Amino acid sequence: MIEKALTGGKNYWLWLAFLSSLTFLGLLSYLKQLEVGLGITGMSRNVSWGLYIANFTFFVGVAASAVMLVIPYYLHGKNEYSRIMIFAEFLAVVSVFVALLFVLVDLGRPDRLFNVILFPSPKSLLFWDMLVLTGYLILNLILGWKACEAEKREIEQPYWTKILVYISIPWAISIHTVTAFIYCGLSARPFWFSALLAPRFLATAFVSGPAILLIFCLALKRFAGFDPGQNALENLRKTVTYALSVHIFFFLVEFFTVFYSDHPEHVKPFRYMLFGYEGHYHLVAFSWISLFVAVFSFFILMSGNFLYKRKLAFFILTMLIFGIWLDKGLILMVAGFNPTPEVELEKYMPTFPETIITIGIWSLGTLTLSLLTNIALQIKKSI
Amino acid sequence: MIRLIYAFVLTLFLILIPLFGVGILGLTRFFSIVIPYSAFLIFLAGSILRVLSWVSSPQPFKIPLTAGQQRSLQWIKSSYIESPYNKIGIFMRMLLEILFFRSLLKNEKTNPHVSKWLLFTSNKRFWLMSILFHYSLLIIVFRHLKLFFEPIPSIVNLLSRIDALFEISIPTILLTEIIVLVCIAYLLLRRIVVSQVRYISLTSDYFVLFLLLSVVLTGILLRHLFRVDIMDVKRFALGLFLFNPYIPHFVGSCFYVHLFLVSFLFAYFPFSKLVHAGGVFLSPTRNLENNSRTIRYLNPWNYPVKTRTYDEWEDEFREMMKEANIPVEKEDRKI
Amino acid sequence: MKKEIPPQMNLSPKDENWMEKKAEFKKGTYCYGAPLKHQNYLGLPNPREWQPHSEDWNLPENWKDIILQGMKDLLEKYRSFKLFMDICVRCGACTDKCHFFVGTGDPKNMPVLRAELLRSVYRRYFTLPGKIFKKFAGARELTEEVLKEWFYYFYQCTECRRCSLYCPYGIDTCEITMMGRELLNLVGCNIQWIVEPASNSFRTGNHLGVPPSAFKETLDFARDEIEELTGIKIDIPINRKGAEILFVAPSADYFASPHWYTLLGYLMVFHEIGLDYTWSTFASEGGNFGLFHSYELMKRLNAKIYEEAKRLKVKWILGGECGHMWRVIHQYMDTINGPADFLEEPVSPITGTRFLNAKSTKMVHIAEFTADLIYHGKLVLDKKRNDKWVITFHDSCNTARSMGILEEPRFILRNVCNNFYEMPENTIREKTFCCGSGAGLGADENLEARLKGGFPRAYAVNYVKQKFGVNMVACMCAIDKASLPVLLDYWVGGVEVCGVHELVGNALVMKGEKERVKNLRGEPILEAEKNEEDLR
Amino acid sequence: MKKIYDKGKTLTGLIIFVVLVSSPTWYNLVFGKGNYVPDLKVEKNGKECVKRTSYMKKNHMELLKVWRDEVVRTGNRTYVREDGEKFEISLSGTCLKCHTNKQEFCDRCHRYVGVTPYCFGCHNIPRETRK
Amino acid sequence: MKRRDFLWIVGVSAIWGIFFPRVLASQEKNRDKRWVMLVDVSVCAKNRDCEACIKACHETHNVPNVGGSKEQIKWIWFSKFEKVFETEIPPIAQKKLGSWPVILMCNHCENPPCVKVCPTSATWKRKDGIVMMDYHRCIGCRYCMAACPYGARSFNWRDNKRYVGNVNYDFPLRNKGVVEKCNFCEERIAKGLQPKCVETCESRALKFGNLYDADSSVSKVLKERTSLVRKGYLGTNPNVFYLL
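Residue numbers (the numbering used here), protein chains in the order written: chain A, 1 to 383; chain B, 1 to 335; chain C, 1 to 536; chain D, 1 to 131; chain E, 1 to 244.
Chain A on its own, in the form it takes in the complex (with noise of 0.2 Å):
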């Protein structure tokens, strides 16, 4: 079945070599980090996370947000989904890959990877993310390859696969959860202290995973001639629409706690990232795009006839996914880690390999995704 991710036409062979040599490009930089170490990226002594990490959170998110597909496929048989469901699993598959990617780069020491394992602590999230990051990984894998090869050879899914949906509903919100209490665990941060972050993180990851897939659609039907179903895509806008409120909702609860309690650990990294503290403003503007955007495309996507207008179906989703992944990636480390223990205030810039790394991985993800989705099309396409 994997030969199939080899026929194509020679726009197809040219996405993959433009993909392959960012993804080359990034494992030059990689190679590079590993020769001269960590000290290569932006990150510091005070900022010691950055664009890897953040990236790490993004796309957990956009993994667990397959569950916005499942559960309305699998547990109440909505059919609409029946025909991107694949897209949807090939999609957290390729997230969750990448997601552990960045967390293979940020490591000090990749080659002690394995004593994570070998001396386990569960007493760590970070163990038990690994767990649940790699659980959710194999079962993907196994549930979008038995569908694929179900679809290809024209025979029902074993019996089994069943069951393996059903794990995964819960595993999808475990991966997310297990992913914010990284974070909310801590009280060392105050900006990550607050037992919303992981409900805030769900919603975010419900904008963003499915405002991809939607983006995605539209552009396999823009370009591969695929048709998801008008009705699918509806549903999809539906989703990112009510979770966008969510968020906005949760992100509202937070201000009117930190601010009204006005609790001074919490509000100092609260008005650093939306006012500015003590002459910084390094996360201002981005903190009020991020804001501006998500209210915008709010209001945008209720609007029902969003999906005939392509062109600004697709700003206005980007758009949106850009600001989702500032507001948890960016602002969430950058804020996180300030202001420090010793109440001074650190900068973050990503340096250009940083970047490059980062653009690899991406590249990596979307060269798996690519490969993957013409797998399927092919098979849709040969029955």
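By construction, these hints were calculated from the structure, which means they are not laboratory data.
Treat the hints loosely; a few may be bogus.
What the hints assert, rightly or not - Selected chain A positions facing chain E (Cβ under 8 Å, derived; list incomplete):
1. N46
2. L113
3. N115
4. V116
5. L125
6. L186
7. S187
8. A188
9. K238
Stated by the list, open to error - Have a look at the derived ranges for each label pair, beta carbon to beta carbon:
10. T116(D) x T257(A): 16 to 22 Å
11. S257(C) x S195(B): 39 to 45 Å
12. I162(B) x N35(D): 26 to 32 Å
13. N302(B) x S22(D): 53 to 59 Å
14. E145(C) x I5(B): 23 to 29 Å
15. N65(E) x G276(A): 29 to 35 Å
16. T116(D) x L52(B): 41 to 47 Å
17. P153(B) x D65(C): 51 to 57 Å
18. P153(B) x F18(A): 54 to 60 Å
19. N302(B) x Q157(A): 32 to 38 Å
20. L225(B) x E156(A): 48 to 54 Å
Keep in mind that this is a model prediction, so the values were computed, not measured.
Yeah, the Cβ is synthetic: ideal placement off N, Cα and C, and Gly gets one too.
Once you have looked at the hints, place chains B, C, D and E on chain A.
Relative to chain A, chains B, C, D and E alone:
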């Protein structure tokens, strides 16, 4: 199943030989010098003779297996690797075959299915395990060169370092150690579990796997448990190849078992199915061009045979042909 | 589904020691021995009347020595044989690739085991470990039982080479089977369905033993039939000296159905383009059953083509739709009976295309020839005339895996019909499944084996029938045309078989033709039916 | 031997094969170091070793690993030998007291057998002889 | 040793030994030691330019001097009182104390957040209260840095060995990619010595001792003098006390 047991017992027996010979009889000289030298000689001579015996038979016909479009009309895209028509195509085909096990990659299982009759499912796992197995063995052999070369070529050190990519325990557990064990276990289990393969398996098939397994296991034991004085081992290894034999003192019986099994493997090589390593280069269905209509291929033993000539044939049918107004040879001549 | 999955289709053989299991000659699964008359005519060794199922095979006294000496000779003659005896690792990649194994579930039909039948004896008498360790080295004695087993299984292999495609060392069971049959021949163990056509072919020039006069009659009949269909009276040259091209087709094309319609197709195309060609009564057969018997017989039968080309002073040779005929021509003819230096490099007189790939052998496949005509727009084709059919294409093993002629017929088909669908990808092109009757096994007495062996092909046809409504299988092999109808009728039903050139003939718009209301089969063309409906 | 077909290719292949399998011989002959056996300098200015030489030759890495874990993970810094003699667990404090020259002791042998232990990355031993 | 030998002998256990050694080293509850450090802020305030302890510590432990960059590595350092105890002291008192230097180091918390989060137990709490770092096991995930409320942990962003001035060959260096921090001079304590910083401080601003030993000077001092801990409200229960 009985074949599996034969093979297992045979392997155990082989392991016992050096244990007995060195451990009880103390024949260190025999096992550290005589055995390796004779094994190597058998290996070298046996392999060469085996290849020579193959090439002493000609390949009378050009019988490539075409797995793709032939080169015919210019506007039809021909598959120059799958159906090669020149040396480059052959080279590519053999390269892919030998380096990437291309034919095995194509493998797919045929399964009976109640309503669909047949189902073809891809079987890339077998390919993956095979290729990992072979490359691991290659790297392991390469790693051992550090014992035979002084100074050690940097490429050998580099490879060893890559093999020790993950820092697990001291001495580092190597990637190939794990991979090769997993692969042998897979290949063995496959022979036992898959009924088709179990049916065709001979004692020697199991035996080779057991032999390799015991070589690998004793090697791992030597690295991690029953350690040896590696300086002494290197001195021994270098001595062998410089015809200046040296009997290692600071090694245990595990070392002798390893050495004996490796020697046996080498000596066994030319007489076993392991010769596929050389034979694959000679396979006429893969290493010949599909151009037999373009260039005449010669068969050295092509001998004349008794055919039925046209004249003989016309003699039998002439009258009939004339009646039917079919032109005939002799008749024409007469007129 | 018309038929349930065959009960014997169990691909998980139960544990047993295959070396100790004898071959069982069950009626319907083996072919009859060759009649004495034909053995004698060809001068084959140990001629006698015999049957495989009889206890005593009347082997010569020293049969064992003959076989072992023969094996030694073959090992010295064929590197392929020697190599394939040594390098198999029994990895099992080939096991379920054989249509006979899939269809019968008989584990000895697994290609590796078919080879092991010979290999076990080879080990015993030709290798050191085998001589010493015997059974433990996988060796066994050559006994009469083993010989019978050889006979049973080497005449249950159609030499289709599908297993070889999957073998990591390219071990070719076809070669093994050929060697096995060579050896069996040394002690006079042949089958009727191979020796009789071979002897006929040797005597009269064609398998069916058609004498020249009958050959001419049947071509005249074809001429009349074409006139009836198209209103055009065509000319069919026979034994015409100085023609540019000698045309050689399998004899079934002019005596069997549905081959016959393919013949009409050839004739119409040749007439339409005004080809300067001739048939030959001497070389009235392209097929070569010697291939299934022995090197020597193959060479003896093949010689007539070049001889006739030389006699008729043609420039080059064109070959019709046939499978094993093309294996011989493509991979053997030039080597065994060449060089054809009295001929010229083939050039299409119509398009000027030089057939560079046939530069030395000087023989061109008709699919290559016609595809070239169509590509250059030399034929006016009306695809609608084939609309009645939903067509799929069956690659013949020999042309697919020994020639690589895959695209040419597909190109032709796409140009002569509107409804063309491929069978599942695991069963076409180089992965094609045999019809189950190749390599001289198309007899009646072994019908059960044939039907089982053809099962995977029937599966694929059934698949496209269910899915696309396929009702016509096109192919380019005379054996296929003969065996597929029986096979498909049994397993699938409602699917017919035709040659590629039958469809070309249907679609061909000839200059000056009358309105075509019937296709080559004499059935109304769908289009015509529609017109009638419109009129009503 | 009878006639050999494909002589050129086969002989080339066989020559490559022979050259490869005999490479240890000619490589060592060409580079002339085949008989080299490193000479290890031990200055016995301390007591006798914590373990027998034969044991240390084979298992020093194992002992160092155990020592490492004893010190780092359990905080135990004393090693008691079977005969009751006590030693401080310390690479630099105990081992290097006798084996004063890393280059001529550790490195020589490690280089000879192609081993690069990662210990010395952090447990730095100065270039000059340690006293 | 005995346990290890046993493991090697039994084959199955051998594999287990490779993969899961010493996973479940249980922490003993009944401790007899709790090392604490007392920092007399008022003494330091009199010697504002004194960096003797920092210099001595960093030299002893081969702490690279990366400079004031973002990749700085520090085991012991100082900051201003108003930054360290921002909310602990009323603003009016900050007028006097605010600019005082405060010596900072790892607090070796009784309830260390960094230990909890470490996915490989590369950092753990010893029986005597010292929060230890195992450089052999650290994978460099920097989760502990995120969890530490005191900024006590530094990461080797690159190979910093060239920044180590005079190498102390009795103490290891660190490779790139691992986290490091103050170890309360456990290697000196083992020999019965005081931590280097304590030993170096001529004005005796630093005191070190066992809190569970009622007779120790630190117990006595803590009983009598007012002391602060950093961010006590987080419940980490630090073992570095600041005397006012």
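Q: List, from low to high, the hint numbers that the structure doesn't satisfy.
A: Checked against the structure, the hints that fail are numbers 9, 10, 13, 18 and 19, while the rest are satisfied.
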